[in-house]
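Got chain A sorted already, so can you dock chain B onto it with the hints?
Which chain is which? The protein sequence lines are A and B, in order. For the first sequence, the numbering used here begins at 35 and goes up steadily by one. For the second sequence, the numbering used here begins at 35 and goes up steadily by one.
Any given hint could turn out to be false.
[Stated by the list, open to error] Straight-line distance between alpha carbons at most 25 Å, and here's what the computed BS3-like set of lysine-lysine pairs gives: (1) A:K62 with A:K83; (2) B:K251 with A:K213; (3) B:K307 with A:K279; (4) B:K251 with A:K279; (5) B:K279 with A:K307; (6) A:K196 with A:K125; (7) B:K213 with A:K251; (8) B:K213 with B:K118.
Quick caveat, the hints were computed from the structure, so don't treat them as lab data.
2 protein chains.
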Amino acid sequence: MSGIVYDKIALIGIGLIGSSLARVIRQKGLAREISIATRSAETLETARKLGLGDSYSTSSAAAVTDADLVIVSVPVGASGAVAKEIAGSLKPGATLTDVGSTKASVIAQMEPHVPEGVHFIPGHPLAGTEHSGPEAGFPELFENKWCIFTPLPGTDEAALAKLTEFWEACGSQVDIMDKAHHDKVLAIVSHLPHIIAYNIVGTADDLETVTESEVIKYSASGFRDFTRLAASDPTMWRDVCLHNKDAILEMLSRFSEDLASLQRAIRWGDGDKLFDLFTHTRHVRRSIIEAGQDTAAPDFGRVPKKD
Amino acid sequence: MSGIVYDKIALIGIGLIGSSLARVIRQKGLAREISIATRSAETLETARKLGLGDSYSTSSAAAVTDADLVIVSVPVGASGAVAKEIAGSLKPGATLTDVGSTKASVIAQMEPHVPEGVHFIPGHPLAGTEHSGPEAGFPELFENKWCIFTPLPGTDEAALAKLTEFWEACGSQVDIMDKAHHDKVLAIVSHLPHIIAYNIVGTADDLETVTESEVIKYSASGFRDFTRLAASDPTMWRDVCLHNKDAILEMLSRFSEDLASLQRAIRWGDGDKLFDLFTHTRHVRRSIIEAGQDTAAPDFGRVPKKD
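Extracted from the complex, chain A is given alone in its bound form (with noise of 0.2 Å):
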């Protein structure tokens, strides 16, 4: 389908973006050869099992050796620590990347320890499942997916049409972005919607007045569509708002303060201004279907089939 883009990938982490990619490099043969490295030597067993790569290490430093692409997949947190794991072994020429959700603090780990002459192109892959670990990866996953790179500047040409060449072959669309607008863009449409998701099922999980089992029983009537996005990795939703934290406070003080005059007007009766919110919300909407963003297909939740 595809050809060779790169001779050796080395993916840092290999859980469900790590291990996406090894699924789809190994798919469309985009490389000779993947070698993967991971702390924990349980998850590397579960690689290993899985036939996932062609080598396998607890040491990133080893798995990036003579790769032409390094791909660091894992909590933003650790992006540091990684990149000064691996600064001394990384190969002349190579490109290094990463897939994390938020971009300036990454960079910020990241970039001191980059050597001269490795080309750090710092990404982002818009594609998740509400699934984590080496299991949970599958090599659609990028498919009709962005996938955002924030450059630095001076970045070279040919590396970084190499790497748009790399992604594209996995299936996915690649954006520029400055890191700044990169890390105020995904707070409002993805941190932020994760936080309220998480805080929603939160405050139902604690009511005196109605039970856990009864919110679970009728949650199709709304509740339902949060708790998917409240079910995703915790390492990685803990590191994601420890670094955007301050588009993502700003976008929590916005959501906050509107929703403060919200309950102001439903606790004062003002229809109107409830009505006028109500009616102005439905063509976002319909620009996302009309933008082939989601279907127009009337759905309350998906309804399990049956046996």
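Just chain B, lined up with the frame of chain A:
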């Protein structure tokens, strides 16, 4: 499939719920005759064109004449006016029910008008989609959904049994609940999620630093999950907010309190607290899947089918 449960059923209001009822009653032969009333001549004409009933009127009083079951499917704020209008035309021995999302308010509005000898049994099918109007209905809407009754003290057993038989024939499972408890349960499983969804979509739409087209383009990373709820019928949701005020304000206060605490953890970098919350919420999702309320298949929003 099923048989006649009521000779004549009057449907007051012919939106998503009313028109879905018309379709399932016809499909399963649950009545000999369906009369339809709605205030809007235009909506009535649409219902007529769709062939949803046997007779059509803009007068609710006319439609309920001789009806054995009257189902009021209007925004909850209009319940009182409808009850007043039909009171003098209800057949002795008839059953009067509704489908409103709030029960204490609907009962307070309707009960005073219900004549002696008419069985008023408040009901709430937990079913709907983000679409509205007579064209949006379909006969399977109530399949495998809950329908909650909040009967008044002294409710006639036979009338309740017959209404139960009717909803079961529509495919639903019937539950009995106290009206105040119903309003609290729905406030957390349905009303709060919708309000939060409307609010976050509103917040995103108001940003100066991130454009609307960016929000839409990258919406698959979490935001999209909220937009479906935020596309629901504005009139219905305005009325829900105004008529379940106390329970909604209670849930909103708790949600905001929890969110302030979460925001503080982000601001002060309390990773352990974030990790605990994000881990804790996972079991709710697991329980929902175990209860058959959603599937475990990974999903990152629905992907539109390619042509």
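Right, here's what the structure says about each hint:
{"no.": "1", "hint": "A:K62 with A:K83", "result": "21 Å, holds"}
{"no.": "2", "hint": "B:K251 with A:K213", "result": "17 Å, holds"}
{"no.": "3", "hint": "B:K307 with A:K279", "result": "15 Å, holds"}
{"no.": "4", "hint": "B:K251 with A:K279", "result": "23 Å, holds"}
{"no.": "5", "hint": "B:K279 with A:K307", "result": "15 Å, holds"}
{"no.": "6", "hint": "A:K196 with A:K125", "result": "16 Å, holds"}
{"no.": "7", "hint": "B:K213 with A:K251", "result": "17 Å, holds"}
{"no.": "8", "hint": "B:K213 with B:K118", "result": "21 Å, holds"}
Checked against the numbered hints given earlier, this structure breaks none of them.
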